[in-house]
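A.B. asks: Sequence:
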Amino acid sequence: MNNLEKLKKIGFEHVGSWSICDNKLDPNLICAQNEKNVLYCFVIGNKIKYIGKTTQELKKRLYSYINPGPTQHTNINNNKKIVEELKVGKIIKILALTKTKPIMYKGIALNIAAGLEDNLIQLVKPEWNFLSK
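For the sequence shown, our numbering assigns the number 344 to the initial residue and increments by one for each residue that follows.
One thing to keep in mind: the hints can contain errors.
Taking lysine-lysine pairs in the BS3-like style, the calculated list, with each CA pair at most 30 Å apart, reads [claimed, not checked]:
#: 1; residue 1: K424; residue 2: K449
#: 2; residue 1: K379; residue 2: K424
#: 3; residue 1: K349; residue 2: K444
#: 4; residue 1: K396; residue 2: K352
#: 5; residue 1: K403; residue 2: K430
#: 6; residue 1: K468; residue 2: K349
#: 7; residue 1: K442; residue 2: K351
#: 8; residue 1: K468; residue 2: K424
#: 9; residue 1: K402; residue 2: K436
If you're looking for bench data, these hints aren't it; they were derived computationally from the structure.
Note that the coordinates shown come from a computational prediction; the quantities given were computed from them, not determined experimentally.
Could you put the whole structure together from the sequences, leaning on the hints where they help?
C.D. replies: Right, dumping it as structure tokens:
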């Protein structure tokens with residue numbers, strides 16, 4: 344089983360694809376726009392390029408890749424990589440894990456996205472996660 348199949352097995356689903364429209368990046372989200380506490384990834388072919396998480400709405404998090412601030416190095420690097428890949432005709436899918444059951448630990452709710460992110464990055468080793476390290 345490859346890494347993409349592993350992510351799909353734990354519940355990652357296709358939620359959109361990056362494109363360039365009027366010289367601006369667009370995530371073309373087909374669902375999960377307003378979901379919070381989301382673990383997401385960018386995929387080219389069967390290769391996972393980046394894994395990230397957000398506590399805010401997914402659409403807001405992805406917007407920060409479209410218009411990164413001057414100190415947001417991860418967002419700047421990912422913006423550049425997304426644009427480069429799209430310009431050579433690659434399709435960049437956005438997958439997300441949104442449907443998680445609440446888990447409690449001694450009365451404290453756990454954020455599944457936060458709990459899985461580091462372990463999945465260690466397992467998959469997506470190249471874009473290591474651009475600014």
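A.B. asks: Now look at each hint and say whether the structure bears it out.
C.D. replies: Evaluation of the provided hints:
no.: 1; hint: K424 x K449; in the structure: 42 Å, violated
no.: 2; hint: K379 x K424; in the structure: 25 Å, holds
no.: 3; hint: K349 x K444; in the structure: 18 Å, holds
no.: 4; hint: K396 x K352; in the structure: 18 Å, holds
no.: 5; hint: K403 x K430; in the structure: 24 Å, holds
no.: 6; hint: K468 x K349; in the structure: 13 Å, holds
no.: 7; hint: K442 x K351; in the structure: 12 Å, holds
no.: 8; hint: K468 x K424; in the structure: 16 Å, holds
no.: 9; hint: K402 x K436; in the structure: 15 Å, holds
Going down the numbered hints, you'll see the structure goes against just number 1.
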